[in-house]
Amino acid sequence: MTIPEIIISITVIIAGLFSLGTALALWRAPDPLTRANLVGPTVGVVIPLLIMCLMLREWTTTGFDLNNFIRGCLAITGVWVVASVGSFYLGRAIYGVTVVDNRNRETNIG
Numbered sequence: 007m008t009i010p011e012i013i014i015s016i017t018v019i020i021a022g023l024f025s026l027g028t029a030l031a032l033w034r035a036p037d038p039l040t041r042a043n044l045v046g047p048t049v050g051v052v053i054p055l056l057i058m059c060l061m062l063r064e065w066t067t068t069g070f071d072l073n074n075f076i077r078g079c080l081a082i083t084g085v086w087v088v089a090s091v092g093s094f095y096l097g098r099a100i101y102g103v104t105v106v107d108n109r110n111r112e113t114n115i116g
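So for the sequence shown, my numbering puts the first residue at 7; every next one is plus one.
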């Protein structure tokens, strides 16, 4: 194995361990809001790491390709944008369901 292949392998293993840690944390999370918040770091870190490993592997075998570099950068940016917006809306939806407003409950009872 060459040095870039070793670096790629270690990075993929780290990404896998990070995903496993997130899965265990999701399993132990007490409520849906915590679970929704735990998914964000995995999507924001693991998927870009795997995309970068794919680009590095491609560069070591076939050489640098500007088209693939731009596509990889766009993919990472897209993942970050979609994950942040999706996480925000998912968190707001869960928070809106789980929060109890005592003022409205008192006025609706009487």
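Watch out, some of these pointers could steer you wrong.
[To be verified] DEER-style ranges, computed between Cβ atoms:
id, residue 1, residue 2, range
1, S90, W65, 24 to 34 angstroms
2, T67, A99, 36 to 46 angstroms
3, R77, A31, 29 to 39 angstroms
Note that these hints are calculated values from the structure, not bench results.
Heads up, the beta-carbon is just placed ideally off N, CA and C, and yes, glycines get one too.
Going down the list of hints, with the structure as the test:
1. Between S90 and W65 the beta carbon distance is about 28 angstroms. The supplied range of 24 to 34 angstroms therefore holds.
2. Distance hint check for T67 and A99: the Cβ-Cβ separation is about 44 angstroms, which falls inside the suggested range of 36 to 46 angstroms.
3. Look at R77 against A31: about 32 angstroms separates their beta carbons, and that is inside 29 to 39 angstroms.
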